Amino acid sequence: MSADGLRRTPAGAGDLVFDLPNRIGVIEEAVDHAVECCARARIEKRRLLFNFRVGLTEAISNAMLFGNEGDPEKRVRVDLEVEPGEVRARIADEGRGFDPDRVPDPRLPENLMRSDGRGIFLMRALMDDVHFNSAGNAVTLVLRDDAGRAGGMEDADPPFDFAIPGLDPASPAARIVAAMVARSALLAREAETNRAELGAALEANRRLREEMARGQESREMELAHDLQLKLLPPIPRIPGIEAAARVVPTASVGGDFYQVIQLSRGRVGIMIGDVSGHGFPAALIMALVMSAAEIYAEQGAAPATVMQYLDRAIGDELQSTEMYLSLCYCVLAPGRPEIAYTNAGHPSAFIVGSDGGARRLFATDPPMGIGETPYGESTVRWSPGEDLLLLFTDGLSDRLAGVRRSSGEEQILRTVAANRDRAPGDILDLLFEMSREAVPSIPADDRTAVILRTA
Amino acid sequence: MSFTVRRVGSTLVVDVDGQLIVGNRHELKEMMHEELAGGARHFIVDFARTGYIDSSGLGVLVGLSKRVREVDGTLQLTSLSHDLMRLFELTKLDTLFTIRGSVEEALAD
Numbered sequence: 001m002s003a004d005g006l007r008r009t010p011a012g013a014g015d016l017v018f019d020l021p022n023r024i025g026v027i028e029e030a031v032d033h034a035v036e037c038c039a040r041a042r043i044e045k046r047r048l049l050f051n052f053r054v055g056l057t058e059a060i061s062n063a064m065l066f067g068n069e070g071d072p073e074k075r076v077r078v079d080l081e082v083e084p085g086e087v088r089a090r091i092a093d094e095g096r097g098f099d100p101d102r103v104p105d106p107r108l109p110e111n112l113m114r115s116d117g118r119g120i121f122l123m124r125a126l127m128d129d130v131h132f133n134s135a136g137n138a139v140t141l142v143l144r145d146d147a148g149r150a151g152g153m154e155d156a157d158p159p160f161d162f163a164i165p166g167l168d169p170a171s172p173a174a175r176i177v178a179a180m181v182a183r184s185a186l187l188a189r190e191a192e193t194n195r196a197e198l199g200a201a202l203e204a205n206r207r208l209r210e211e212m213a214r215g216q217e218s219r220e221m222e223l224a225h226d227l228q229l230k231l232l233p234p235i236p237r238i239p240g241i242e243a244a245a246r247v248v249p250t251a252s253v254g255g256d257f258y259q260v261i262q263l264s265r266g267r268v269g270i271m272i273g274d275v276s277g278h279g280f281p282a283a284l285i286m287a288l289v290m291s292a293a294e295i296y297a298e299q300g301a302a303p304a305t306v307m308q309y310l311d312r313a314i315g316d317e318l319q320s321t322e323m324y325l326s327l328c329y330c331v332l333a334p335g336r337p338e339i340a341y342t343n344a345g346h347p348s349a350f351i352v353g354s355d356g357g358a359r360r361l362f363a364t365d366p367p368m369g370i371g372e373t374p375y376g377e378s379t380v381r382w383s384p385g386e387d388l389l390l391l392f393t394d395g396l397s398d399r400l401a402g403v404r405r406s407s408g409e410e411q412i413l414r415t416v417a418a419n420r421d422r423a424p425g426d427i428l429d430l431l432f433e434m435s436r437e438a439v440p441s442i443p444a445d446d447r448t449a450v451i452l453r454t455a
Numbered sequence: 001m002s003f004t005v006r007r008v009g010s011t012l013v014v015d016v017d018g019q020l021i022v023g024n025r026h027e028l029k030e031m032m033h034e035e036l037a038g039g040a041r042h043f044i045v046d047f048a049r050t051g052y053i054d055s056s057g058l059g060v061l062v063g064l065s066k067r068v069r070e071v072d073g074t075l076q077l078t079s080l081s082h083d084l085m086r087l088f089e090l091t092k093l094d095t096l097f098t099i100r101g102s103v104e105e106a107l108a109d
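First to last, the protein sequences are chains A and B.
Counting from 1, one number per residue, gives the positions in the first sequence under our numbering.
Counting from 1, one number per residue, gives the positions in the second sequence under our numbering.
Keep in mind that the hints are not guaranteed to be accurate.
Said to hold, decoys possible - No farther apart than 30 Å at their CA atoms in a straight line, the calculated lysine-lysine pairs in the DSSO-like style are these: (1) K92(B) - K66(B); (2) K74(A) - K29(B); (3) K92(B) - K45(A); (4) K29(B) - K92(B); (5) K66(B) - K29(B).
It should be emphasised that the hints constitute simulated quantities derived from the structure, not laboratory data.
No experiment lies behind these values; they were computed from the predicted model shown.
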């Protein structure tokens with residue numbers, strides 16, 4: 001670990017979400033896929049292939065058979081976080097939960113001949129850490145590299161492993177993967193060379209669109225969906241910042257994304273966006289915006305300036321593809337009583353106060369690709385330690401529209417306000433639980449939200 | 001997972017290829033039950049080509065060992081990797097099964 005105990009995970013290189021149907025037949029493949037994604041964790045391969053595979057298999061099968069009680073309508077969600085030296089998997093089911101401490105010890109002589117009851121024991125025996133949420137319907141497994149070798153990882157950058165199983169290297173999807181690798185290279189270089197790299201990625205997009213025109217859409221939609229999930233970065237751990245984000249993509253990929261960027265002097269940038277198109281072209285715009293935004297943001301620029309740079313970098317691309325994107329970017333810091341933001345045509349973000357009241361961060365500009373530069377910027381009051389910052393895309397609010405005869409926005413605000421003292425991740429759980437149950441009144445779109453609080 | 005079954009004298013040797021886990025445990029169970037119904041009494045299950053076994057897989061083996069015992073048969077497990085062996089030790093199931101290094105060793109018993 002570095003001196004401040006923090007390590008930035010290269011954006012988009014690790015985290016993954018699996019939303020599994022409740023069928024035990026899918027477990028082996030899901031587990032193998034998860035293990036492939038852990039390559040960059042630099043954990044001893046044998047332990048990944050054995051301890052992690054068994055632990056994950058146990059957790060998922062428990063979730064399906066006991067949590068969801070075998071109900072084929074239910075699903076199991078696996079969130080995978082990969083960092084150098086550590087892999088974390090959170091497995092959540094839709095059941096009522098149980099008390100893990102009430103499971104008898106399978107090693108006792110009276111239990112030895114039972115054919116069940118060893119799952120939780122094995123998880124605990126094989127993983128470095130296992131903890132259940134209080135409801136008992138989600139478990140987090142942690143596997144760490146042996147402490148002795150953890151220090152040795154400091155020198156080398158983890159390798160990037162973007163392999164998607166079953167992907168033809170000549171396919172458009174593989175080209176996007178190449179663009180993603182370019183994206184990571186991009187982050188590592190000096191600012192002057194960035195434009196050339198961006199140019200290469202744009203060129204990849206042009207070639208891609210030509211190929212898209214030739215057809216093969218559905219398979220590519222599927223891969224674009226994978227890609228969107230792979231692109232979404234983990235939330236970096238930043239002192240004094242408590243943040244959580246969630247995306248539930250549709251099958252066709254609506255182009256939602258978010259990004260939490262660690263900035264200099266303890267500041268943090270939060271971005272949420274929604275690309276107008278679908279499928280691969282939207283996913284590539286997303287990749288471009290995210291990589292460029294990270295570079296510009298890290299250069300320390302104010303929100304309006306970051307937007308300006310972004311517009312310059314991808315404006316032509318947006319115009320030629322006739323796409324546009326809504327984008328909201330906020331900058332704040334622990335202990336600082338204000339937020340600076342630019343909102344280009346995105347649904348209002350909100351500050352939910354300790355009294356439950358909500359203040360609106362109105363759009364300052366039209367969406368990128370439609371409006372003209374320069375961009376505006378606003379500053380609003382912020383109570384560190386009390387206020388919650390809430391950003392979401394219209395996929396979430398549209399989905400909730402009409403529930404209890406109120407607008408989706410009202411539903412979201414009511415839920416967040418009522419639960420404002422809880423952890424951001426828990427509030428998101430509630431929101432997405434509600435949205436999953438809601439009957440959509442319009443075609444499904446990606447649903448995305450970010451919640452953040454500062455010290 | 002797939003398995004191949006061969007007969008060596010009166011012993012049935014089952015080579016397991018792949019993981020023995022929740023999604024496929026019933027295949028092994030059903031095959032063994034059929035063999036038991038057909039009169040087979042002595043079994044060797046070989047895990048030389050198995051990466052991991054989960055608790056359901058262990059459960060199936062426990063269930064099978066009971067069935068085999070009821071008919072005065074034998075069930076031996078062979079070629080467990082270091083990790084697989086540890087799984088049996090952790091769960092104390094090493095005390096329940098006869099575990100041998102290889103099929104040949106088990107056949108010699």
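Which hints, by number, does the structure contradict? Of the numbered hints, all hold.
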